[in-house]
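Enquirer: Listed below, chain by chain, are the residues.
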Amino acid sequence: MTEQDKVIFVVTHGEEHKNRLESPLHLASLAAMLDVDVKMVYTMSAGLLLKKGVAENLIPKEGRKSLIETIREAKEAGVKIYVCSPVLEWNDLKREDFIDEVDDIVGGMFLITESLDAKVTYTF
Amino acid sequence: MTEQDKVIFVVTHGEEHKNRLESPLHLASLAAMLDVDVKMVYTMSAGLLLKKGVAENLIPKEGRKSLIETIREAKEAGVKIYVCSPVLEWNDLKREDFIDEVDDIVGGMFLITESLDAKVTYTF
Amino acid sequence: MTEQDKVIFVVTHGEEHKNRLESPLHLASLAAMLDVDVKMVYTMSAGLLLKKGVAENLIPKEGRKSLIETIREAKEAGVKIYVCSPVLEWNDLKREDFIDEVDDIVGGMFLITESLDAKVTYTF
Numbered sequence: 019m020t021e022q023d024k025v026i027f028v029v030t031h032g033e034e035h036k037n038r039l040e041s042p043l044h045l046a047s048l049a050a051m052l053d054v055d056v057k058m059v060y061t062m063s064a065g066l067l068l069k070k071g072v073a074e075n076l077i078p079k080e081g082r083k084s085l086i087e088t089i090r091e092a093k094e095a096g097v098k099i100y101v102c103s104p105v106l107e108w109n110d111l112k113r114e115d116f117i118d119e120v121d122d123i124v125g126g127m128f129l130i131t132e133s134l135d136a137k138v139t140y141t142f
Numbered sequence: 019m020t021e022q023d024k025v026i027f028v029v030t031h032g033e034e035h036k037n038r039l040e041s042p043l044h045l046a047s048l049a050a051m052l053d054v055d056v057k058m059v060y061t062m063s064a065g066l067l068l069k070k071g072v073a074e075n076l077i078p079k080e081g082r083k084s085l086i087e088t089i090r091e092a093k094e095a096g097v098k099i100y101v102c103s104p105v106l107e108w109n110d111l112k113r114e115d116f117i118d119e120v121d122d123i124v125g126g127m128f129l130i131t132e133s134l135d136a137k138v139t140y141t142f
Numbered sequence: 019m020t021e022q023d024k025v026i027f028v029v030t031h032g033e034e035h036k037n038r039l040e041s042p043l044h045l046a047s048l049a050a051m052l053d054v055d056v057k058m059v060y061t062m063s064a065g066l067l068l069k070k071g072v073a074e075n076l077i078p079k080e081g082r083k084s085l086i087e088t089i090r091e092a093k094e095a096g097v098k099i100y101v102c103s104p105v106l107e108w109n110d111l112k113r114e115d116f117i118d119e120v121d122d123i124v125g126g127m128f129l130i131t132e133s134l135d136a137k138v139t140y141t142f
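Chains as they are written, first to last, in this note's numbering: chain A, 19 to 142; chain B, 19 to 142; chain C, 19 to 142.
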């Protein structure tokens, strides 16, 4: 394992699956602690988790912190977070509809080329 | 990246998840444009998407084209499409119940050996 | 392919998805037959499948055997089975609440480091 290792998390499940929201972020944070380059690409219904006002108000389970806090922990660990452009197209959204924690909007080709270059591609 | 790079898409979600149907096909088409060898293996409820009469009549979202058109675009880009044999067994289906766009019916061992040889295995 | 090849199956869907329960186990058994080192990590709702009393009483489809038998076949083929620790935390469970077929309780870092070292990481 060298500093250049890359992993990609493709996150596909959204708000309707409350018990699937935290794990990809936790795993991404852990990977980032190993000095791995970690990118998360939110697509399908998961993309809507990053719309302004969603993660701030989403508590995955009673007694836990809101999803935005888990997102911020991942960012602090060095994880990059992307939204896949079809999410915008399907839901009539613009870049400015997403939270500041989103590093960029990317197309499917980004996902493919990054995966081809990555050591692991997780699809959650 | 050489012409010999392989990627596998294992598709597991079917008709009940309308917003998950197009993305794997689009991503597969994009990968094929990079001269990557691209195979899609449809399994679990996703296998039923390739039954005659299903994709032809399935519009993933109002105003969009039917799924069969997205499947055909992937085929034209060079993507190979397979159905995993338990889909036939679980649903009492035969080879001829599937659309012509299906290249072959394959067993689980095909999926494993192809993955071991692939640069990326996506499971959507 | 050498004897040292590793594959990891991350299993994330539980009892509520009856048609997703057998395939990962079958594929893991097949991979183990190729002398690949095979580890399955059950997480999210899938972790609860391995609680005592669940797989023993779970028939994925009428006329089929119970899930515990498919789990035992995988174990006999040499597959190692792990539960991810957040499953215990989220559901107030202890090690002894899980069936004997579980080799160990592991943290997220285990999943990450094993994946970085694996040839394929499947996430079902």
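Source of the hints: derived by calculation from the structure; they are not laboratory data. This structure is a prediction, so every number in the text was calculated from the model and none was measured. Any given hint could turn out to be false.
If several chains are the same, the list does not tell them apart, and a pair holds so long as it fits within one copy or across any two.
Said to hold, decoys possible - Straight line, CA to CA, 25 Å or less: simulated DMTMM-like cross-link-like pairs of lysine to aspartate or glutamate:
id, residue 1, residue 2
1, K79, E40
2, K137, E33
3, K70, D121
4, K79, E107
5, K79, D55
6, K24, E74
Enquirer: How would you label the pair K79, D55 (within, between, both, or neither) given a Cα cut-off of 25 Å?
Expert: Intra 29 Å, inter 35 Å, cutoff 25 Å: neither.
Enquirer: Between copies, within a copy, both or neither: which fits K79 and E107 at Cα up to 25 Å?
Expert: between (30 Å within a copy, 12 Å between copies)
Enquirer: Evaluate K137 and E33 at a C-alpha cut-off of 25 Å and name the case that applies: within, between, both or neither.
Expert: This pair counts as neither: shortest intra-copy Cα distance 28 Å, inter-copy 31 Å.
Enquirer: Within a copy, between copies, both or neither: which one fits K24 and E74 at a CA-CA cutoff of 25 Å?
Expert: neither (28 Å within a copy, 39 Å between copies)
Enquirer: I want to check one pair: K70 and D121. Are their C-alpha atoms no more than 25 Å apart within a copy, between two copies, both, or neither?
Expert: Cα proximity of K70 and D121: one copy only (14 Å, versus 42 Å across).
Enquirer: How would you label the pair K79, E40 (within, between, both, or neither) given a Cα cut-off of 25 Å?
Expert: within (10 Å within a copy, 28 Å between copies)
Hint compliance for this structure: hints 2, 5 and 6 are not met, and every other hint is.
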